Amino acid sequence: MNKYLLMAALGAGSMIAMAAPAAAQTVSGNVAISGTVTPKCTVINGDSPTTFSASRNLLELAKADGTLEDSSVLAGRFGTAGAGAPTFRVVCTSANPNIAVDATELTTPGAPPAGYTSRIDFTAHVAPRLTTGAGTTVDNATSGAATAPTAIGGRFAADGSDNITVTADTFMTGPGALLTSGAYTGNIHIDITPGS
Amino acid sequence: MKTSFLAVAAVLAATAALPAAAQNATGTVAVNGSVADRCQFTLPSDVINAGELSQQGAGSNAGKLDPSKLDGQSRTLQGWCNGTAATMSVEAQRLVNTTFTTTPPTGFDRVVNYDATATANSANATDTSVTDGAGTSVPVGMFTGDVKVTLSNSSSPTAGLLVAGDYSGQVLVTLTPAVTPAP
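Respectively, the protein sequence lines represent chains A and B. When we follow the working numbering, the leftmost residue of the first sequence carries the number 1, and every step to the right adds one. When we follow the working numbering, the leftmost residue of the second sequence carries the number 1, and every step to the right adds one.
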């Protein structure tokens with residue numbers, strides 16, 4: 001009887017030893033998430049996300065005496081800042097985008113004889129509006145080459161309003177030149193690149 | 001199993017880190033205008049005072065028209081046309097005695113006719129005062145500068161004696177603007 005009890009006791013002791021816990025073990029994992037925002041410029045309410053356009057008709061270009069209309073009159077017909085000038089809205093992810101401008105003179109086909117001209121030069125101005133106020137205006141005269149990309153000096157304003165204004169002035173021909181009749185066309189080409 | 005999870009996570013991270021190409025924006029403002037066809041005289045008039053029109057002296061032609069008083073007379077106006085298809089015409093209006101206005105007796109004339117030629121941009125437009133109206137228009141094109149008017153071939157209707165009085169006539173030069181559309 002005692003023998004059985006002892007065995008029972010040993011058995012109980014053995015079972016207690018087997019129930020003691022082993023050392024705790026945990027595992028952990030990590031998922032890294034990364035991404036980038038590339039320098040990017042996008043046109044809002046433009047022809048497409050990357051293009052915008054407008055046109056201006058300067059109407060009759062010559063005065064009654066056949067010479068070029070006064071430059072101030074033509075500049076007014078084109079539109080001045082706050083008074084009809086073309087405006088656009090472009091947003092860029094970069095801190096200091098560039099603007100390059102290439103203005104092309106107004107011309108009509110045909111070679112003019114002496115005393116006449118079929119070319120009207122002018123100067124285009126592209127004025128950006130930044131989050132901090134007015135940016136660097138980029139000017140380009142049609143008589144010269146296109147501008148290099150020029151940093152505007154900050155971020156484009158992103159307040160929901162247009163932030164680029166285009167104006168033109170200093171319309172001119174050779175002194176006293178008569179304008180040949182016809183339809184005249186020119187343009188102002190604007191490239192906006194994200195820059196730095 | 002653990003190895004597989006790590007591989008998927010690495011692929012996701014690599015994909016997210018790939019930069020897209022930078023995007024530019026391009027704009028164009030078209031500028032248009034026009035210049036209407038136009039001609040204009042900057043020096044629109046001049047005067048030929050031929051003086052005494054009849055021949056002097058006592059010869060057989062005394063009292064009749066002296067053609068040398070009109071023939072070869074010229075004056076230069078100035079003007080321009082800015083269209084490539086502009087035309088020019090001239091109308092010679094006879095000299096008429098404005099003092100004696102009734103029909104002259106036989107052997108007398110109170111009218112002096114002549115031809116007028118207008119030259120501009122190497123184009124000549126002519127007309128005779130014998131018939132009313134302007135002569136045929138000629139292309140003058142785009143030019144600026146002289147419009148030279150020359151008189152010639154003067155005569156009186158019957159080669160008679162000229163009635164005394166003041167004579168007056170004129171040459172009208174018309175520049176008409178037009179442009180040929182660009183090809």
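Keep in mind that the hints were calculated from the coordinates and are not lab data. Keep in mind the model is a prediction, meaning the values are calculated, not measured. Check each hint, because a few of them may be wrong.
[What the hints assert, rightly or not] Output of the computed footprint for chain B on chain A, the stretches with three or more beta carbons under 8 Å from beta carbons of chain B:
{"id": "1", "segment": "35 to 44"}
{"id": "2", "segment": "60 to 72"}
{"id": "3", "segment": "104 to 110"}
{"id": "4", "segment": "182 to 188"}
[Said to hold, decoys possible] Looking from chain B toward chain A, a few residues come up when the C-beta cut is under 8 Å (computed):
{"id": "5", "residue": "Gly-27"}
{"id": "6", "residue": "Val-35"}
{"id": "7", "residue": "Ala-36"}
{"id": "8", "residue": "Asn-82"}
{"id": "9", "residue": "Met-142"}
{"id": "10", "residue": "Asp-146"}
{"id": "11", "residue": "Thr-150"}
Built from N, CA and C at the ideal position, the CB exists for glycine as well.
Status of each hint after checking the structure:
Judged by the Cβ-Cβ criterion of 8 Å, the segment 35 to 44 of chain A is covered by chain B as claimed, because 8 of its residues qualify and three suffice. For a cut-off of 8 Å, the count of residues in the segment 60 to 72 of chain A with a CB near a CB of chain B stands at 6, and the three-residue condition holds. With 4 residues having a beta carbon nearer than 8 Å to a beta carbon of chain B, the segment 104 to 110 of chain A meets the requirement of three or more and the stated coverage holds. Residues of the segment 182 to 188 of chain A lying with their CB closer than 8 Å to a CB of chain B number 7, which satisfies the three-residue condition for coverage.
Taken as an interface hint, B:Gly-27 checks out: its beta carbon lies about 4 Å from the nearest beta carbon of chain A, inside 8 Å. Annotation: interface hint on B:Val-35 holds; nearest CB of chain A at approximately 4 Å, less than 8 Å. Interface hint status for B:Ala-36: upheld, as the beta-carbon distance to the closest one in chain A is roughly 6 Å, under 8 Å. About 5 Å separates the beta-carbon of B:Asn-82 from the nearest beta-carbon of chain A, less than 8 Å, and the hint is met.
The beta carbon of B:Met-142 is positioned within 8 Å of a beta carbon in chain A (closest approach about 6 Å), and the interface hint is therefore held. At about 12 Å, the closest approach between the beta carbon of B:Asp-146 and any beta carbon in chain A exceeds 8 Å, and the interface hint on this residue is violated. Interface restraint check for B:Thr-150: the shortest CB-CB distance to chain A comes to about 23 Å, outside 8 Å, so the restraint is violated.
Checked against the numbered hints listed earlier, the structure breaks hints 10, 11; every other hint is satisfied.
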